[in-house]
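Chemist: On the provided structure of chain A, position chain B as indicated by the hints.
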Amino acid sequence: MTTTLERPPAQPQPDERVARVSLARRLLVKPEFGALVGVIVIFVFFSFESDVFRSMEGAANWLDGASTVGLMAIPISLLMIGGHFDLSAGVQVGTAGLATGIMTTYWGLNVYASMVVSLCLLLFIGFINGFLVTRTGLPSFIITLGMFLALQGINLGVTKQVTNTVQVSNLNLVPGYQALKDIFGSQISIGGHKFQIAILWWIIFTIIGSWLLTQTRFGNWIFASGGDPNASKNVGVPTSRTTITLFMLTSAMAWFVGNTQIIRFSTIQAQVGIGQELIYIVAAVIGGCLLTGGYGSVIGASLGALIFGMTQSGIVYANWNSDWFKTFVGAMLLLAVLANQFVRRLATQGRR
Amino acid sequence: MSVEVTEQPPPASESGSDAPMLEIRNMTKTFGSVISLSDISTTVRAGKVTCVLGDNGAGKSTFIKILSGVHQPTKGELLMDGKPVVFHEPRDALDVGIATVYQDLAMVPLMAIWRNFFLGSEPRKGFWPLKRFDKEKAKKITREEMRDMGIDIRDPDQPVGTLSGGERQCVAIARAVHFGARLLILDEPTSALGVKQSGVVLKYILQARDKGLGVIFITHNPHHAYPVGDRFLLLKRGKSLGDFDKSDISLTELTGMMAGGAELEQLAHELEQEGDTETSAIGHEIAADIGTGTTS
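Protein chains in written order, with the working numbering: chain A, 17 to 368; chain B, 405 to 700.
Be aware that a few hints might be false.
[To be verified] Straight-line Cα separation of at most 16 Å, EDC-like style, residue types lysine to aspartate or glutamate; simulated pairs:
1) K479(B) with D443(B)
2) K452(B) with D485(B)
3) K249(A) with D496(B)
4) K479(B) with E427(B)
5) K452(B) with E571(B)
6) K452(B) with E493(B)
7) K46(A) with D496(B)
8) K487(B) with D499(B)
9) K249(A) with D561(B)
These are computed hints drawn from the structure, not numbers from a lab.
With the rest of the complex left out, here is chain A (with noise of 0.2 Å):
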């Protein structure tokens, strides 16, 4: 054995058979590659709309409206590649802005204590989301559905109860708000501009579920799990404690949004959030995720959550009817469905 093993030291030869992959299909093969195409064509076309548009002021406001939804979109996207859907990741944003806003402004906790006490609450809910998915085997697009219908009401119904409106707001008048608010909810300016501070946020997470998607272990663990849980449980991969981990991600991502959301705007709907959870997954899958799981980017879900900021706000400026913005987003969708297509196609079946 000792002398079978031992083998001559690698040569570093510079692998030539690679060049032989044009750069034009490596570049295709890449899942957020679509999404990129389609930052630029919908950047071009309504700049060449509006002048507004392409401005700095234009720019904040379409990166704002994107940062929403791509923050979300982050741990959205994750949760699709390791191979589950969350639909109440739209209203668990909801619960935990309410949660936060009736905690402090109804029951006078510290503000900093009810935001710990709503993390822990979404914390919750992600577990039990990720945990019922794992131990039952049932889809997650039925649990979490459940879990979406189960969080509204309750949004609604404790909403009602504790205000007896449909609103939780007052949040300003709240000690230590100031604070609360220079962190999640004040303005940056560039150039004389004033930007969202969200959006540096939304930057800074897509660089870290980036990371963590394609540089550390537990990412290799959110695509083998998505990808093949069965063989990736016969090679001692966690992927119950990864699908429980995905879900809580998620869940504290809703937390964060939810805070922002109230600290920002001082007041939120008990309807906050209801349908975003499709929109979640729209930016996800225009970023390349596959439905199927296994394959996606963050950067993508980041880059189709900025399609949809710019399709939003560009409509408007460009004096057009806002009502077909969702006809756009729909046409978007397929379009982006039909590309992931093929390129799985490339990515799979390779040179013959």
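Modeler: Frame of chain A, contents of chain B only:
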């Protein structure tokens, strides 16, 4: 990692004079009222290939799952290097050096070769919270280990889904060998492959054997088993039809027993009795095939 492997003493000398690497004694497994395996015994030695042959439903899968720690035997014991061992979960079997290469290869088609190679045992570098997957190391080792098995992979970044069946099998075997397997269990590695690819895989089995590993080769094809095997365990409906050394059994006998021996003989006999020349010719042919025509 490769250095560590080189420094390890050869498993053959480690296992002492005569104790087999793995001994299976009177193993029985029942699922409720279903007897999946009953009273199975065999041995696996370092540098030898033990073939487990059986048709569908013979209990081959249960056999593998017990050895790899997925199931626990109802009765009987496993001895590793002469010492009894109990596996509660797959990790336990891996820890003593039993690696199973599953039929589905435990690989994720959409993931790159190097990501698959280290799946579940990723090398890491850096400190928390910046601890990360050492990708350069993973790619380098993957390429080296594959070259050791005689496959020059074009690009470790290519998804496993783009490899041929034989190449995938090779990645799986190379992976098991790299992670310090002393005993390889190969679950029907040739069943989904063409003639040429099967030959390639049989060559890998011999290479693993020559490295001093013990190999359990599960198959239903005696023509694949006989050339590479040193010992043959035949299973049928959960029972052992025998545990033979290569010197005690010929390919014809092996094929005959695999094909259902006595029953085929009966069938051949019946066909011969038909009187019809055509059917009796088929009967003669079967008889010749299973070796009963000459031996009994």
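Chemist: All the hints need checking, so say for each whether the structure fits it.
Modeler: Evaluation of the provided hints:
Taking the CA atoms of K479(B) and D443(B), the gap is near 8 Å; set against the 16 Å cutoff, the hint holds. For the hint linking K452(B) to D485(B), the alpha-carbon distance of about 14 Å falls within 16 Å, and the restraint holds. As the CA atoms of K249(A) and D496(B) are separated by approximately 14 Å, the hinted pair is consistent with the 16 Å bound. Distance restraint check for K479(B) and E427(B): the Cα-Cα separation of roughly 14 Å lies within the 16 Å cut-off, and the hinted pair is therefore satisfied.
Note on K452(B) and E571(B): the hinted pairing is violated, with a Cα-Cα distance of about 23 Å set against a maximum of 16 Å. Distance restraint check for K452(B) and E493(B): the Cα-Cα separation of roughly 26 Å exceeds the 16 Å cut-off, and the hinted pair is therefore not satisfied. The straight-line distance between the Cα atoms of K46(A) and D496(B) is roughly 38 Å, outside the 16 Å bound, and the hint therefore fails. With a C-alpha separation of about 15 Å, the suggested pair K487(B) and D499(B) falls inside the 16 Å cut-off, and the hint holds.
Using a Cα cut-off of 16 Å, the hinted pair K249(A) and D561(B) is violated, with the two alpha carbons roughly 22 Å apart.
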